[in-house]
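J.: Read off the chains here:
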Amino acid sequence: MKEKTLTYRVIAFWILAGAVLLWYLLLVKTPDFKFGLDLNGGTSLTYVADLSKVNQANLEAETASSSISSTTGQKVDTAASAKLNVADSMAGLRDIIEKRVNEFGVSEAIVRTEYSTYTDENRLIVELPGVTDIDEAIKIIGDTPILEFKIVNELTDPETGATSTELVETGLNGNYLKKSVVSFDQLTNKPMVVVGFNDEGKQMFADITKNNVGKQMAIFLDGNAISSPVIQEEIPGGEATISGAFTVQEAKDLVQRLNSGALPVPITLTSSQVLEATLGDQAKADGLYAGLIAFAIIAILMILWYRLPGFLATVALVIYVGIVLLLFKTVPVVLTAAGIAAFIISVGVAIDGNILIFERIKEELRKGKNLREASEDAFERAWTSIRDSNIASMLVALVLFYFGSALLKGFGLVFGLGVIVSMFSAMVISRYFIRAVVPADSSSKGYKVMKFLFGSGFSK
Amino acid sequence: MFIVKNKWIFLSLSIVLVSASLILIFTQGLRRGIDFTGGTEVVVSYNGFSANEDGGIKLDLIKENLEKSGFTVKGVSLQKRDTAGAYIVSIKLTGDVSPSERVNFENAWSFNHDPHYEAKQISENIIGPSVGKELTRKAFLSVFWVFVVIIIFIAFSFRKVSEPVASWKYGVLAVMALLHDIILPTGMYAILGKTHGAEIDSLFVLALLTIMAISISDTVVVFDRIRENLKKRKSNETFEEIVGRSLSQTLLRSFNTSFAVILVLIALYALGPLSTRDFSLTLLVGIIAGTYSSLFVASPVLVLVEKFQNRNKIKNKKKKKA
Chain A
1 MKEKTLTYRV IAFWILAGAV LLWYLLLVKT PDFKFGLDLN GGTSLTYVAD LSKVNQANLE
61 AETASSSISS TTGQKVDTAA SAKLNVADSM AGLRDIIEKR VNEFGVSEAI VRTEYSTYTD
121 ENRLIVELPG VTDIDEAIKI IGDTPILEFK IVNELTDPET GATSTELVET GLNGNYLKKS
181 VVSFDQLTNK PMVVVGFNDE GKQMFADITK NNVGKQMAIF LDGNAISSPV IQEEIPGGEA
241 TISGAFTVQE AKDLVQRLNS GALPVPITLT SSQVLEATLG DQAKADGLYA GLIAFAIIAI
301 LMILWYRLPG FLATVALVIY VGIVLLLFKT VPVVLTAAGI AAFIISVGVA IDGNILIFER
361 IKEELRKGKN LREASEDAFE RAWTSIRDSN IASMLVALVL FYFGSALLKG FGLVFGLGVI
421 VSMFSAMVIS RYFIRAVVPA DSSSKGYKVM KFLFGSGFSK
Chain B
1 MFIVKNKWIF LSLSIVLVSA SLILIFTQGL RRGIDFTGGT EVVVSYNGFS ANEDGGIKLD
61 LIKENLEKSG FTVKGVSLQK RDTAGAYIVS IKLTGDVSPS ERVNFENAWS FNHDPHYEAK
121 QISENIIGPS VGKELTRKAF LSVFWVFVVI IIFIAFSFRK VSEPVASWKY GVLAVMALLH
181 DIILPTGMYA ILGKTHGAEI DSLFVLALLT IMAISISDTV VVFDRIRENL KKRKSNETFE
241 EIVGRSLSQT LLRSFNTSFA VILVLIALYA LGPLSTRDFS LTLLVGIIAG TYSSLFVASP
301 VLVLVEKFQN RNKIKNKKKK KA
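If you're matching them up, the sequences are chains A and B in order.
For the first sequence, the tail end lands on 460 under the working numbering, and the numbers increase by one without skipping.
For the second sequence, the tail end lands on 322 under the working numbering, and the numbers increase by one without skipping.
Here chain B stands alone, though its shape is the one from the complex:
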């Protein structure tokens, strides 16, 4: 089977991408949204900007106004233009807006309610710093428990095929594949943070957990086939051959399912609600990574584990003889 034969080619691609992502995450950092840091986000629609002489929205001007009024602005960014031509702008502050500052705040972004701009608040989100800390902790905790639960589940459900590779090792490999699947989209966010100011938020965490939920089933399907083939193992068949055969038997299914899910995600990204757009993009990258990892990473590494065990066994035998 070509995947097992060329495993190093496929594995090195993953290793390169994961390393690149990790380097990006640690050198560039991730921009954390107000869900994590606490702060204020107000979304405002401006109907009137296009009617101005020189047209177009002036984000700098909004920022300047807010700073003049004494607010610490984290960012002012254009979310999109809606179908009616209005500009949807997101304004982010590092602190909160107290009731006494509210009037000042509204005056600042609405240009003192200048009818030229037709500014109107659409949504407002003020998050206290303690909520953010808790979210961070919950996010890590959830990912951790997913790993624990998956290892235990796979170790249990593959217990009958612990030869030649112990069933808990399948679990560990599945979790490694999951890590691979969430590191790649996180790396993408490190880049998007620099280029587009993309921030990680609750929905990002949700996307990572969803990627794991979908991707784990891919890996389990392949492992299940290995399990089935191991039970009917012919005496002259090597473990490597069994893994290879299992992969080719599940390849079409993996491809078809992933292709369908990817098309669904593209539909969701292009047509779905604005608030879940970044979410769909993260998922898209994660699902592609997940399909790749269950076929080209988890199972080939399984073969490596078996080879490594064999080598040790032979070594041990030699030692005993000596």
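Excised from the complex, chain A in its bound form:
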């Protein structure tokens, strides 16, 4: 028995050493916590994507394929392909917005898409930490630049002889762009924009120029004609030069917008949230303060109620806090005010395991067992209730994580992590601490003192 105690003490020592290392890592060696917009300030914008065009295209594809399938007798899974197209469009949308946001140099911006089964909406959510001017934020997301190429037809009225012009759509637009660059006119040294087409666009552009030699080609940006050069000859190279009256900056901006691409689907802003950082700083300070006070309260209660085991549980709780905080940093978990609240509450809930065990120790002691037997039995018997009560709590956290909105998800994650670590803390850490101090049998030296230290704070 004595040898065993030695083993326990060695394990307890290593746990303590690990705890010191853990807190050292936590305070010195690890990255900062990630805070949500409500704590760090920033803007969150929610857009709804208009997928009616994509859906219409799917519908057409569906009728087309159903006619095929009626002749071949093959079933075509159009529903699946429609979903794929929507997913593609949303992914494309996200990539383009991400690109724009990154070009603006917003660090750690989050761009994600979300589908709501209830409202049948495809949403795009953009979170911009540190941006607290909503107008600036909306500008970052930017509008879709619409670039169109049209042919100008000169019509002469046969009766009056008066001339009028007509614009003919060519179908060539910004969707066929590959890359645009700023260039300077060699004669006038004025800035101009050279747009390069992709293969499909190259072919279209060649055909258009071939068929319309001598006519004007009007180039429209966002519905305004910015330049209308005369087509001299067929242009097979797939490059068009727009020499509007640009300033250098305007040319650069246009190139940037063109290169970041047209959005595959139109989006409209439905919800927005802007939070000043000052409010968050206060919330962080308050959260830290409340957390420290809560910890102190628990430590005092535990030591009053359970004396030595209570003290050991407090040490285990320090380790618990360290592990959970380290998880927050390394997973990483984005902390919001609600998340911090969840963590503080989880500290309160975490001692439940210890309380269950210590009450059980007292019960087993009353049956006349010695400290060693009583504590070993207590850990064993308290296990089912710790296990089942924590699983039940965790199931609720899981439901939160799975079904909840973003806010509930974060909370569920924090709470769930807390529950798992608290089980470990009670069943492993506290256990070895208790084993390390409990004398092997009642004839050991200092047994009476130890028994007093294991008593309840309110009885002898």
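The hints are simulated quantities; they were obtained by calculation from the structure and are not laboratory data.
Do not rely on the hints blindly, as some may be mistaken.
Stated by the list, open to error - When the alpha-carbon atoms are kept at most 27 Å apart in a straight line, the in silico BS3-like pairs for lysine-lysine are as follows:
{"id": "1", "chain 1": "A", "residue 1": "K362", "chain 2": "B", "residue 2": "K234"}
{"id": "2", "chain 1": "A", "residue 1": "K178", "chain 2": "A", "residue 2": "K99"}
{"id": "3", "chain 1": "A", "residue 1": "K178", "chain 2": "A", "residue 2": "K34"}
{"id": "4", "chain 1": "B", "residue 1": "K234", "chain 2": "A", "residue 2": "K369"}
{"id": "5", "chain 1": "A", "residue 1": "K284", "chain 2": "B", "residue 2": "K234"}
To be verified - To give an idea of the chain A side of the interface with chain B (calculated C-beta under 7 Å), a few residues:
{"id": "6", "residue": "D253"}
{"id": "7", "residue": "V255"}
{"id": "8", "residue": "I297"}
{"id": "9", "residue": "L356"}
{"id": "10", "residue": "A406"}
{"id": "11", "residue": "L407"}
{"id": "12", "residue": "F411"}
Stated by the list, open to error - Here are a few chain B residues that face chain A, going by a calculated C-beta distance under 10 Å:
{"id": "13", "residue": "G38"}
{"id": "14", "residue": "P129"}
{"id": "15", "residue": "L271"}
{"id": "16", "residue": "L283"}
Note that CB positions come from ideal geometry on N, CA and C, so glycine has one too.
Given chain A, put chain B in place with the hints provided.
T.: Same frame as chain A, now just chain B:
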């Protein structure tokens, strides 16, 4: 055990409180925040009001200004005074603020940027109506799934002690206790909505789910003890006695854990971030209700269920004999 003996006294207190809450919820209604209805909330700090001759903030004046500019104001309320003495005011509109209305809107609450008031926007939250609808649905869905998952879990983990009471009934009782625990704070919100204009929002939903997460473990601990004692059942011991014994064995633990959590919540309420204050209050009420229900509701009702089953069995036997 006094809890089981006096179960009707404890149960009637719960029945009264739950009924009162339900009546309040259905007659008074709950004020739904913009999370649910869609709309705009802007939080503004006024540094200059106290410097005015007659002092104090004039919420009516802000409201009047906004209405004059054509906004539908849902409410203007004082959140708190911060340590520097500034008034933190929350302005709520039923609709959103379009980019073209933005200048008008800012002029209205800042008194045309009058330096006397030193008005400054702290946060802004515009929520579209569809998001709100979805939140409502998600909230109900989450609560529903919690109930389903808990019943299945308890039915499974208590399957070995299905005598005398079937294990799924433990699950149903645990869920009943959870319902009790979330109805009471909701009733409180029906009152606070009337008296303080308190609104239910995402954090309220979160609070209810957290109450369930914490409270379920209380109930499971008591049930676990009943399970353990049933396995070691002495031949002459009645189910009622076993439940009573289990309750007295877990009473101190339930009290201690809940007391610790309640103190933590009080700390969070009094010292924690402003944004989670109402959240802490809801939790506080819910956790107290949860502790009560796991000790004084779930287990005593378990005894009633067993008695009810027995009576039916005896009746059936009599019928068969006849």
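J.: Indicate, hint by hint, whether the structure satisfies it.
T.: Okay, the hints, checked on the actual structure:
1. For the proposed pair A/K362 and B/K234, the alpha carbon gap of about 23 Å is at most 27 Å, so the pair holds.
2. Note on A/K178 and A/K99: the hinted pairing holds, with a Cα-Cα distance of about 15 Å set against a maximum of 27 Å.
3. Between A/K178 and A/K34 the CA atoms are separated by roughly 37 Å; this puts the pair beyond 27 Å, and the hint is violated.
4. Restraint check for B/K234 and A/K369: the C-alpha separation of about 22 Å stays at or below 27 Å, so the hint holds.
5. With a CA separation close to 55 Å, the supplied pair A/K284 and B/K234 exceeds the 27 Å bound.
6. Evaluation of the A/D253 hint against chain B yields a violated restraint, the C-beta minimum of about 20 Å exceeding 7 Å.
7. Taken as an interface hint, A/V255 does not check out: its beta carbon lies about 26 Å from the nearest beta carbon of chain B, beyond 7 Å.
8. Because the smallest distance between the Cβ of A/I297 and any Cβ of chain B comes to about 5 Å, under 7 Å, the interface hint for this residue holds.
9. Given hint, A/L356 at the interface with chain B, holds; its Cβ is 6 Å from that chain's nearest Cβ, closer than 7 Å.
10. Annotation: A/A406 was flagged as interfacial toward chain B, and the flag is violated, the nearest CB pair being 9 Å apart, outside 7 Å.
11. Look at A/L407: its Cβ gets to within about 5 Å of chain B, closer than 7 Å, so that hint holds up.
12. Below 7 Å, beta-carbon pairs count as interface contacts, and A/F411 has one with chain B at about 6 Å; its hint therefore holds.
13. The beta carbon of B/G38 comes within 8 Å of a beta carbon in chain A, closer than 10 Å, and the hint placing it at the interface holds.
14. Hint status for B/P129 relative to chain A: holds, with the closest Cβ pair at about 9 Å, below 10 Å.
15. For B/L271, the shortest C-beta to C-beta distance to chain A is roughly 4 Å, which falls under 10 Å, so the interface hint holds.
16. The interface hint given for B/L283 is met, as the beta carbon of that residue sits about 7 Å from the closest beta carbon of chain A, less than 10 Å.
Violation of the numbered hints given earlier is confined to hints 3, 5, 6, 7, 10; the remaining hints are satisfied by the structure.
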